[in-house]
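> What follows is the residue order along each chain.
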Amino acid sequence: MIGGGLLMLLIVLALAAPIYAGDPVNMDPFKRLQPPSAEMWFGSDNLGRDVFARTIFGARISLMVGLLSAACAALVGLLIGVVAGYSRSFDNVVMRIMDGLMSIPTILLAIALISLTGPGIGILIVAIAIPETPAVARLVRSVVLGVRERPYVEAALCGGARLPKVLWRHILPSTVPALMVQGATVCASAILTEAGLSFLGVGVPPEIPSWGNMIASSRLYLAIAPMTIFAPGICLAVTVLAVNLLGDGLRDLFDPRAKRRR
Amino acid sequence: MIVGIREKLGLNDPMPVQFIRWVRDMLRGDFGTSIFAGRPVLELIAQRLEPTVSLSSLTMLVSVMIGVSFGTLAAWRASGPIDRVLTAFSALGFSVPVFVVGYFLVYFFAMQAHWVPVQGYKPIGQGLGAWIEHLILPTVALSVAYIAFIARITRASMLEVLSEDYMRTAAAKGASSYAMLFHHALKNAGVQILTVIGISFAYLIGGVVLTETVFNIPGIGRLVVDAINNRDYPVFRVCSS
Amino acid sequence: MNGPLLKVENLTKHYPLGSGIFKKSIPVIRAVEDVSFCVEAGETLCIVGESGCGKSTVARLLMRLVEPTGGRVLIDGTDIASLKKDALHAWRRRMQMVFQDPYSSLNRRLTAGQIITEPVENFERLSRKQRQALAADLLRKVGMSPEMMHRLPSELSGGQRQRLGIARALALNPSLIIADEAVSALDVSVQAQILNLLLELQQQMGIAFVFISHDLGVVEHIAHRVAVMYLGRIVELAPSEALFAKPVHPYTEALVAAAPVPDPTRARLEVPVEGEVPSPINPPSGCAFHPRCPLAIERCHIEVPPLVPMADGRVVACHVRAPAMGMPAPAVANSSLTPVA
Ligand SMILES: Nc1ncnc2c1ncn2[C@@H]1O[C@H](COP(=O)(O)OP(=O)(O)OP(=O)(O)O)[C@@H](O)[C@H]1O
Ligand code: SF4
Ligand SMILES: [Mg+2]
Numbered sequence: 001m002i003g004g005g006l007l008m009l010l011i012v013l014a015l016a017a018p019i020y021a022g023d024p025v026n027m028d029p030f031k032r033l034q035p036p037s038a039e040m041w042f043g044s045d046n047l048g049r050d051v052f053a054r055t056i057f058g059a060r061i062s063l064m065v066g067l068l069s070a071a072c073a074a075l076v077g078l079l080i081g082v083v084a085g086y087s088r089s090f091d092n093v094v095m096r097i098m099d100g101l102m103s104i105p106t107i108l109l110a111i112a113l114i115s116l117t118g119p120g121i122g123i124l125i126v127a128i129a130i131p132e133t134p135a136v137a138r139l140v141r142s143v144v145l146g147v148r149e150r151p152y153v154e155a156a157l158c159g160g161a162r163l164p165k166v167l168w169r170h171i172l173p174s175t176v177p178a179l180m181v182q183g184a185t186v187c188a189s190a191i192l193t194e195a196g197l198s199f200l201g202v203g204v205p206p207e208i209p210s211w212g213n214m215i216a217s218s219r220l221y222l223a224i225a226p227m228t229i230f231a232p233g234i235c236l237a238v239t240v241l242a243v244n245l246l247g248d249g250l251r252d253l254f255d256p257r258a259k260r261r262r
Numbered sequence: 001m002i003v004g005i006r007e008k009l010g011l012n013d014p015m016p017v018q019f020i021r022w023v024r025d026m027l028r029g030d031f032g033t034s035i036f037a038g039r040p041v042l043e044l045i046a047q048r049l050e051p052t053v054s055l056s057s058l059t060m061l062v063s064v065m066i067g068v069s070f071g072t073l074a075a076w077r078a079s080g081p082i083d084r085v086l087t088a089f090s091a092l093g094f095s096v097p098v099f100v101v102g103y104f105l106v107y108f109f110a111m112q113a114h115w116v117p118v119q120g121y122k123p124i125g126q127g128l129g130a131w132i133e134h135l136i137l138p139t140v141a142l143s144v145a146y147i148a149f150i151a152r153i154t155r156a157s158m159l160e161v162l163s164e165d166y167m168r169t170a171a172a173k174g175a176s177s178y179a180m181l182f183h184h185a186l187k188n189a190g191v192q193i194l195t196v197i198g199i200s201f202a203y204l205i206g207g208v209v210l211t212e213t214v215f216n217i218p219g220i221g222r223l224v225v226d227a228i229n230n231r232d233y234p235v236f237r238v239c240s241s
Numbered sequence: 001m002n003g004p005l006l007k008v009e010n011l012t013k014h015y016p017l018g019s020g021i022f023k024k025s026i027p028v029i030r031a032v033e034d035v036s037f038c039v040e041a042g043e044t045l046c047i048v049g050e051s052g053c054g055k056s057t058v059a060r061l062l063m064r065l066v067e068p069t070g071g072r073v074l075i076d077g078t079d080i081a082s083l084k085k086d087a088l089h090a091w092r093r094r095m096q097m098v099f100q101d102p103y104s105s106l107n108r109r110l111t112a113g114q115i116i117t118e119p120v121e122n123f124e125r126l127s128r129k130q131r132q133a134l135a136a137d138l139l140r141k142v143g144m145s146p147e148m149m150h151r152l153p154s155e156l157s158g159g160q161r162q163r164l165g166i167a168r169a170l171a172l173n174p175s176l177i178i179a180d181e182a183v184s185a186l187d188v189s190v191q192a193q194i195l196n197l198l199l200e201l202q203q204q205m206g207i208a209f210v211f212i213s214h215d216l217g218v219v220e221h222i223a224h225r226v227a228v229m230y231l232g233r234i235v236e237l238a239p240s241e242a243l244f245a246k247p248v249h250p251y252t253e254a255l256v257a258a259a260p261v262p263d264p265t266r267a268r269l270e271v272p273v274e275g276e277v278p279s280p281i282n283p284p285s286g287c288a289f290h291p292r293c294p295l296a297i298e299r300c301h302i303e304v305p306p307l308v309p310m311a312d313g314r315v316v317a318c319h320v321r322a323p324a325m326g327m328p329a330p331a332v333a334n335s336s337l338t339p340v341a
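Residue numbers (the UniProt record's numbering), protein chains in the order written: chain A, 1 to 262; chain B, 1 to 241; chain C, 1 to 341.
One chain only, chain A, in its complex shape (with noise of 0.2 Å):
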């Protein structure tokens, strides 16, 4: 549980940032590309900003747009799989788009999808979350097709149960240790993804800091400046890593017996 331990903190240090982190978007032009220092700890990037202060700042983007789109995928997809779970026909029709959705690369669909609407932060939201929701659909469904089986299911409608209630209380709780290991690894891959568009210049305007933004406005200042890149560059690593760690802590949690084969 390193991971959950992990995120947290960043968590609150991300979001205690503007009692600490001073300003990171006042720019000054006699300080740029400066070394770490006291006043700076990271140095300046090349318009003369507070790289600590936009580091700090950025891990908001980062988490907000990465949790968010995780919830988003892991909401949809829990509802695609279990219906898909349950109706055959809308099995058929809807996995094979998710197997299509599924085949393309996760970040080439983003950036298609983003090219139609034109950027922000709430269509990068759902730009994240759509190519991550096949993968979630999949895992509840096949969840789902397991349960359905069981006795207790059987038992249920016997009892008179309606199907709603059934899926409600019987079958969804069923999904919820899937759901969780899945969600901690779509938001591991919600990060980097927002990451990777923001640095290909289609994700978070470029106005506000975030972290993929800051290496790529700094990409020609490498030689000069590295801490420009390395300090989100680092920052982004560990929060993914805090995450990854957090999911594989989950699944060892739900099922032990993955855990001496793993």
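Just so you know, nobody snuck in bad clues.
Quick list of in silico lysine-lysine cross-link-like pairs, DSBU-like style, CA-CA up to 30 Å: (1) 165(A) / 84(C); (2) 141(C) / 165(A); (3) 187(B) / 173(B); (4) 141(C) / 129(C); (5) 129(C) / 165(A); (6) 165(A) / 85(C).
Which stretches of chain C does chain A cover? Using the computed rule of at least three CB atoms under 8 Å from a CB of chain A, they are: (7) 92-99; (8) 117-125.
Honestly, the hints are just simulated from the structure, not real lab data. Glycine included, each C-beta is placed from N, C-alpha and C at the ideal position.
Following the hints, complete the assembly by docking chains B and C with the ligands onto the known chain A.
Just chains B and C with the ligands now, kept in the frame of chain A:
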């Protein structure tokens, strides 16, 4: 002027109409004309194919070799020290974005140590040495996540095979662990590993786009990104399909 | 109307093997073939037979957990296939089921109280108090203490879990309970307790049972009438004492002979039925039992024996032991299926 272009490209039509027209054109073999380059899209793509194919096939080769070895090694002594280290590596490999790895490599090996060029691409026709030299860092950067991925799959499927009855029987009959691992387990896990690698090709392509951007490689990935940044729709659509 | 509580007519279930785009060519598993019987109020009908002969499929067809390929199930004269959504929902109250595995048939995330009151809550809203009272009442009926309602299934013994399964079936005050191997997963001593509980409930509440088992000892203990199934068909249906005293069908005879006898001084007969159970995908021609039957004659290979009524009120399908008198068998068989009271 803009209105004119939009009109010419039919961008004012509703989205479904545009889409259908585009599919129809594709079927006819008309992939459109790039707005900016003013050349047929297909020609642009052909030119950009070599760097991308070089990068992705080299990455495939390296990752499969290293990934399968790592995975086998980890499965050999599951939960031993080697396994722990490799598992930690694969967790890390999954988490560091390819462009961050790329800039680290560029900074230390190209800018500080001057071992290899910072960026760019030399076609294989201009000499194998230059080609390799330009591709080493991109390949390493792109391989990290893929190695982690393949190692994980390999380890899991090897352990699965090793725990099956006939493997236990083989062990009981005194098959050496070498024979167990390579002769029996890897052969049986191989099919599974290959399937997953095939499926994950999409995963690799996503990384190619980012890697080409970091190292300024004029491949398809760059073409796509430039197309988007320039809003060059015909190019983008063909590339992403 | 004074007809039987449950009447089953020519019930048939074929499971297709694989998906069928070319419907005609797919092979099917003939799990249940032309099964007819009826059950009177308060009566216990046992269904016996080897593994795979279609007993569970009959139970699932009765509960409408699977749709029949053919035939009808009538409750108080109403065809359940004709029931639309709401009527079907209401009909569920009449018939309940107790499952074989007491653990996997209980949702392990719910407490005992939640499990046994759930059926009632499918039909009416209960306040917290009502729910608790109902749970306590049901637990007492199956011989458990009301404190148990807060336990999870994992905190109960096998016997207690099966009591929960029975309590859940009782919750809706059904007229008929279908019990599919309801005691086979339990220890012998616990089996006896559960069987006695079922007998008590039958006496107190007049519940009818369709009791499925492959344990003839259990069947002899509780059955009023016994139906013997072989490869999807009923081959003999007789009052319990008559069947055990003098089995007529060669297969029944073999089963009874092979069953462990309570009296240890009576030597146990060697198993007389040899050979594998044939596959229900490709059942033998004529009488499905002929490859294993010591009495088989020419006719058995060709003609499916009809169920023929016998003098003591039983029906038997065998060319040798119960030859049909050249009458159109089904009509006779059907009308004679009601028990001789
Ligand atoms: N859902 C299904 N799909 C396909 N075939 C099935 C299905 N359920 C049962 N069968 C087949 O139908 C036949 C009868 O099965 P059934 O479960 O009714 O036997 P049974 O008499 O209850 O056996 P047991 O004593 O082992 O419980 C078997 O051959 C079985 O393989
Ligand atoms: S019909 Fe023939 S094969 Fe079947 S049980 Fe009777 S004698 Fe045996
Ligand atoms: Mg059964």
